[in-house]
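With the sequences and hints as input, model every part of the structure.
Position one of the sequence shown corresponds to residue 1 (this note's numbering), numbered consecutively onward.
Watch out, some of these pointers could steer you wrong.
To be verified - FRET-style restraints, in silico, Cβ to Cβ:
| no. | residue 1 | residue 2 | range |
| --- | --- | --- | --- |
| 1 | Leu199 | Arg105 | 46 to 56 Å |
| 2 | Arg246 | Leu199 | 39 to 49 Å |
| 3 | Thr108 | Thr350 | 30 to 40 Å |
| 4 | Thr108 | Glu391 | 40 to 50 Å |
| 5 | Tyr102 | Arg425 | 29 to 39 Å |
| 6 | Thr119 | Glu280 | 41 to 51 Å |
| 7 | Pro408 | Ala387 | 18 to 28 Å |
| 8 | Arg163 | His363 | 38 to 48 Å |
| 9 | Asp224 | Gln247 | 11 to 21 Å |
| 10 | Asn320 | Glu134 | 42 to 52 Å |
Claimed, not checked - In the BS3-like style, the derived pairs of lysine-lysine whose C-alpha atoms are separated by at most 30 Å in a straight line are:
| no. | residue 1 | residue 2 |
| --- | --- | --- |
| 11 | Lys138 | Lys89 |
| 12 | Lys201 | Lys213 |
| 13 | Lys138 | Lys213 |
The set of hints was computed from the structure by calculation and includes no laboratory data. Where is the CB? At the ideal position from N, CA and C, for every residue including glycine.
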Amino acid sequence: MVQGTASSAGKSLLVTALCRFFRREGLRVAPFKSQNMALNSAVTADGLEIGRAQAVQAEASGILSCVNMNPILLKPESDRRSQVVVLGKLIGSMTATEYHEYKPRLLTVIAESLTRLRTDYDLVVIEGAGSPAEINLKSRDIVNMHVAKLADAPVLLVGDIDRGGVFASFVGTMELLDPDERARVAAFVVNKFRGDIALLKPGLSFLTERTGKPVLGVVPYIPDLRIADEDSLSLEERMSRRRPSRQELDIVVVRLPRISNYDDVEALEHEAGVVVRFVEQPDEVRGADLVILPGSKSTVSDLAWLRASGIAGAIEARANEGQPLLGICGGCQMLGEGIDDPHGVESTETQVYGLGILALRTHFEREKITAQVLARVLRPSFLTDGAVVEEDVRGYEIHMGMVEPRYPDASPFEIRSRNGRMEVRSDGAISSDGMVVGTMLHGLFENEVIRARTLSFLRRRKGLSEPTSIQRIPSKQAEYDRLEAAVREHIDCELLWRLTGLCSLSPR
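In structure tokens:
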């Protein structure tokens, strides 16, 4: 099991690397995280919702993701409320206090999911959350040491040296653990190291002498790694990105208070000559080559924030000026004429006016739609460089209720199937000039044809030439291999195998 000294220490990536490592060693391996709080989520092949990290880890393991890998998913709606998703299905919205009281009912769900994975696979690599030393949360822990004890798993404690204070974090965490919990910690992993390892060795020796635990390895900082993350801290890091030069495309994502699935733009972030910025001010919206209004966990409240911040006015001005604008999921709903919420899914208001830029209306329902989708381009827009693209478009849906375009034949996409079952319906809407697009499909820019045509259109519009050499974005599989190779090189692989208790299966 991998636990961390804090959030964003590198637990998810280390689990991804270990899953890839053991897969390459010939084991059938699966990831597991009992409870995940995430802004980004994913849809399994059978249409159920789990945390994005576990979907990534499953992919690195060479297997399809399933709800047993993440039986409990929390999706923040506000500072005090979250959607609670159990075994891939939304069961309701709870305050922190309500959920704290509800937790004991989930222990059986966690145990059964873990048992299923352990039955089906040689090895399960478990991820914790935050820190195991959160004193105020330990009494009802269902994600860190509780799971380690349930699985009788040794714990790797990972810390981020790039942020500083890693040795204090390691020692402090160990001091706050109960004696039986300290005994379960098997080794430390120092993450995101830059520099001369010789300068670090005195600290590593101190750590082992102080705690009696070995250091499994020192993993280097890996630049430009194209593996999706889900932590809000990584989102905050994106807020500090530089402005682009005149020779680069400026793609702006509105940083909504309840933003979700912001990994929709992850593929764009790795394109040469493209700067993707997350912004909160109307001045940042004006003049961008493309503005993206992303998904939201609370569309109604984020729509109110758009108006209060002045960004709504800047977006309306862009639409009137014929500048490219894309709304995805909640962003698409905001661009429409209005939102009907008769069941109070998000608000006490039964009707809310949208920005009125696109001819569509949203009707919230109690049941959430989660689906992997196969679609085709129905009408050309800037996303397709003005052409009707013949290739299939793949994506996924995660939303409450239905979005009804007033003119279905003027939608950007036509859904052909959901979760492998034929289902034909229009998706979203396009403005008459093709410069404003709203869609409920996440993952659009993972489709190379959409990404390439969008960037080609934006470059031509800005007077930029196409790149002289085509820079292929590394495939996800290649990135999993790069991550695994970096970790393999810098950890004690023999010790790692001993910790699994599966040395008889080792090819060594």
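* Asked: Hints broken by the structure, by number, lowest first?
  -> As far as the earlier hints go, not one is violated by this structure.
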